[in-house]
Every structure is written in C-alpha cells, then in structure tokens.
Amino acid sequence: MKKIFPPTIHLAITLVWLVVSLYMIFLYAPEEATMGEAQRIFYIHFSVACTSLLAFFFVFLGSMGYLMKRSRPADDFAYASAEVGFLYCCAVLITGPLWAKPAWGIWWTWDPRLTSTFILWLLYIAYLMLRSYVTNPGRVEVLSAVFGILGSVDAVIDYMAIRWWRTQHPQPVLAGGPGSGLDPRMWLTVFVTWGAFLCLFFYLLRQRMTMARTQRELIQLRRELAT
Amino acid sequence: MHSLNVVWAVFAKDLRVEWRSRETLAPMCVFGLLVVFLFNFAFETAHEETLRLLPGLLWIAFAFSGILGFNRSFAAERENGCMEGMALAPVDPSAIFVGKLMANLVFLGVTEAVIVFAAAIWYNFSFLPSLGWLALIVFFGTLGYAALGTIFGAIAANTRMREVMLPVMQFPVAFWILILAVDATSDALRNAASSEISQGLFRVAGISVIFAAVSFLLFEYVLEE
Amino acid sequence: MPLAATRANQALELFNVSKYFGDLEALKGVRFQVARGDSVLLFGPNGAGKTTLLRTLAALSHPSEGEVRYGGQDFYKDPQTAKAAIGFVSHVTFLYGELTARENLRFNGKLFGLHSLEEKIDRALELFAMQDRGNEPIRQLSRGLQQRASLARAFLHDPDFLLLDEPFTGLDARATDNLQSILCHLPEQGKAVVFSVHDFELGASMAHRLVALERGSVRYDGELKDAPLQTLGIKK
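Protein chains in written order, with this note's numbering: chain H, 1 to 227; chain S, 1 to 225; chain F, 1 to 236.
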C-alpha cells in the first residue's frame, strides 16, 4: 500500500482535490434561488455528513473483524475510523447550524436528521471515552469492539425509528439535501466535494493507522530493550 | 438443560444477595420517587398538562433508576472477583447474561411499579383504564433497556469512572427504546385506538428484542479476558 | 491406552505463551506442561509472572501470543470440558460477601452442574474444617476463614488440576498444616497441583518439581532436588 500509493502523493491529491471543490462550490455552482449564498455550505455539510456515517460503518467492520479474527489491524482500523469519524461528525454539527440559521431562521431543531446526527456524535464520544477509560490495557480492544457493534446497531435503528417517530411529529421545517430539481452543475459539485472529503478522510485514516502501528512497534522495541 | 440451571442459579443468587444487602432495590425506588417529586416542582404541572408530561416523566424516572441498578448489579460482582469466579465455571456466558438480566428486570420492574403508583397519587391520575397496555409497553421497553444496561454494566465494570461510563454508553444506544416507549405510553394513557397503541407497542418490542438479542450474542466477549 | 499416553492426553499446557499488558510483558514465550500426578512449585520474586501464569492456565487471562492446551487440544475450542477439570485459588476469594460459605459453594456447585451437591459441600467444608462456620456470611469471617472457604470452593468439584496462587495467605498454623497434608497427598490420587508460595521451605516440602520464573521467563523447570538453587538465587 505504502509503495503503490505513498502518503505524500495521497496528501497532494487530497489538497488539489479540495482546492478544485472549493472553486466549484464558490465559483462554478450557480446560486440557489431561495437560500442564496448561504446554501453553498451545503456541499461541505453534505459531504462530511455522509462520510461521518460511513466512518461508523467502518467502526462496525473493524469491530467485527477484531472479535472474529483477533487481528490488531482490524482494531486499529476501528479506532482510527472512530477518531476521524468523530472529527467529521463535529464538522457536521458546526456546518449544520451555520446553514440552518440563514436558511430556516433557527440554529437548531430536533428534526429527525439532526437528531440522528447528534446521536451518532454521542456514540462516537462514548466509544472514544470507553477506549481511554478501560483499566486493563489488554481488554480495550474487545470491550470497545462490543460497544462499536451495539452502537452500529443503534445507528441503523436510528434511520428506521426516525421514520416511525416522524409520523407523530411535525415535519421538519425544511427538508434539506438535494431536491429533484437540482441543477446539473450543482450535482457535479456535490460529487466532487464529497470525493474530496472522502479522499481527505482516507488520508487521515491511513495516517492514524500507521501511527497506531508505529506505536505498537515502539512498545515492542521497548520491551525487547528491557530484557 | 445445564444452561437453564445456570440461569436460575445466577438469578436466584442475585435476588438472595439483594435480600441480604438491600443495596440495589431500595436506592432505585427512592431515586425514582425523587425524580417524580422533583419533576413536579421543576414543571409546576397544571392538572390539564399532566397527560402530556406524564409519559416522559415516567420513562425518565425508569431510565435513571435503571442506571443506578445496573451499576450496582456489577459492583457486587467485582468485589472479591466474583465475576471471574463465574468465568472459571464450565458455563455458557450467555446463561450468566440471562440470569443477570432477569434479576435486573425484577429490580427495575418493582421500581417501575412503585414509580407508577406514586405518580398516580401525586398527580391524581388514574392508570387503571390503560393498565394492561401500560404493563405491556413497560415490560418490552424495560426488556431492551435492561439488556443494554446489563451488558454495558459489565463493560463499565472494567473502566475507571464506571458510574459515568455506564450512562454515557447507555443513553445514546437506548435512546430510541425510551423515545418510542414514551410515544406508546402517551397513546396508551390517552386511551387512543387499540390499533394505534399496538403499533407503538410493536415498535418498542421490535427494537427491544433486537438489542436484547445482540447483547445476548456479544456478552461472552465481555466476560472473557 | 498405555498409562503414559493417557497422562499426556490429559495434560494442561502452555505453548509458547506470551502475555502483554500494554508496555509490560508479563510472560515471555513460556512453555509449561503439567500432567496428572505432578506437583509443581512455582517460585520467583514478585512480578515474575506467577499469577499471570496460573491465570492463563485457568483461562481467566487470554494469552497475547501462543496457545493454552488441554489434552493436546486448544483450550478455547472446548473450554467447558477443560474448565470442569480445573480448581483455582487466587488472591481474591471469588466469594459473595453477603452469602454464607455454604450458599457460595451451592451456587458454584450449580454452575459446575454437580450431582449430589449437598454431600459434596459437606465434604469440601469438612476438608478445611469449616463445617461449623458454613452458615455465617463470608463478610463476617476472618481473612483466614475466608481463605479456607475459597479453598473449599476450588476443591468442591473434585478437579484434576489444582492451581493455587499463594494458597497459604492468612491461614493459621493448624490450617497451614492441614492444607500442607492435603496437597502432599493429591498427586497419589492422580491429581495435579501447581502452586506458588513465598516461603520456599514450605513449598519444597510439598512439590517434586520446581518451576522458577523470573521476569516472565522460565529459568528452571525440573526435579526440585536437582535444582541449582544457588544459581537461581533461592536461599535455602
């Protein structure tokens, strides 16, 4: 992996891609009729939101992988996904209100999508807290994997339950997201931006995993030195 | 067959320990009553608002008392390494889970009955017309909630600051059990159409059973070292 | 089946086991086998890995590397059979403070699925002279009595392998003599004993084999009488 696709090249591609998507967001995509300039933050908001959800799916994969195979890299993958995913989830919660205020006139509403994002954020926090509070260092991987799986079940149920819940509550003030009549240039911008943020996500993920591996090697070396 | 005996042995042991120590059930009930009591003054409920606030009040009281109980449930096992003592025996870890879950269900069930009784008196509200539905909703909601509490209690027993870690894990995951249970309870207390109430009940039961099943399958990993 | 093969088949074994706790390496590539009829003294300074070794044998602690075997098979393939053959005493008692010794034993007997349980409880309590104190809650007993109850718990299901971590802790002179004579006679009954003690003299009086541990590695494993005590730094 390192040889075929070195991190520096990955980083360079990410940066160029981000610049391209910034250009598209602010200059290429047409202005939205009702929401105006503020709508442009939607491209970033949507990209980080999708990625943060995907990241929890990775936590699930890594957790399953660890419980079944006891493989260290699977655990590294789950942990790194959780950390980077948490970062993205924070970005969702910051960009959301920034867009909501001009668009809806309020910072926050307990609309289903916002609620499920907030729960996802809490799940990330619980997962990361658990990892740092387990007393026996040999048990962190197993316990956090168990929580990761239960958390993922919850994240899936979120999307099911929200539809049930909605039937009894007022519809959201305004359904965000790409409508059916979206301009083709807007669509293209959505995909390019999402691609850029995914590329950044995977860059951070692999760097975090490399760091975890290096850390383990360091501990191994220290052990060998001690004997 | 052996596993059923183990389930029963663990369950009976928990009840017996509780009977001697009285360290779980009594604090849970007292805490639940305090929540109901404080809620009344925090919201200064007028009589006509009772119906709107009661479902949420009940489930908040259930949820907080539950946390207290789940923490206690494994605090007792930690003492003298009893949890490991069970892991030494040739038993299916799932059987231990079911035994602990049943004990937690009994403790939380009794607490819930006390809370509902207190709410009936203090809020002058008659639960009698909807008691059947309410019992079903509370049973299924509690099943999922306690299953999560049992596995998270066992996880939290392995952490520093376990009193904090348990609710931090429990509330986001159990969120929908609580919310849907509040919805269903609200329908039941309003005496809505049976079809409406049963729909709510099925949703609560569905999610609870899913979480209970996943917790059941995962518990063996929590017990091992 | 020839006797030797039966013995090997029923051995409990650590195969190249290492155990890490973060930075700390508690066991390093340990190879250790104990068969029925053995009596093994585990000896070493604090932190040598005696407790971790015993906990790993009892499957309370998963090895980070290597394998635990019972009867030549991976322990974790069929943990139930292996666990039924092991009795473990540790520095914690595994007993519920609110319950009496008898109730604790009854609970454990049910977990082990024992038949004619009450008789076995009586026998185990009697073995450690606990029959008069069996109906008092563990919490109210002295440390020595708690230790005896914990020993009774480990002997209750008549296990083939007894793993005892500092079993003499808190025992008075009479109880020490009693346990000493019990341990001495176990190998004759085809049982295996692996135990650790701080007092080398006391330990040596009961074991045929010595396993000396230092910093997680086995420094000596063989007949106790042939052990180079001087080189191992053990003072007679």
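Hints listed in this document are in silico derivations from the structure and should not be mistaken for laboratory results. Keep in mind that this is a model prediction, so the values were computed, not measured. Yeah, the Cβ is synthetic: ideal placement off N, Cα and C, and Gly gets one too. Honestly, I wouldn't trust all of these hints.
As a list, the in silico DSS-like pairs of lysine-lysine whose alpha-carbon atoms are at most 30 Å apart [as the list claims (entries may be wrong)]:
1. Lys120(F) with Lys110(F)
2. Lys225(F) with Lys77(F)
3. Lys69(H) with Lys225(F)
4. Lys120(F) with Lys69(H)
5. Lys77(F) with Lys110(F)
6. Lys77(F) with Lys28(F)
Partner residues aside, some chain F positions facing chain S, computed with beta carbon under 10 Å [to be verified]:
7. Gly97
8. Arg106
9. Asn108
10. Ser142
11. Gly144
12. Arg153
| task | Identify every previously stated hint that the structure contradicts and give their numbers, smallest first. | result | Numbers 2, 3, 4, 10 and 11 - these are the hints that the structure violates, sorted from lowest upward.
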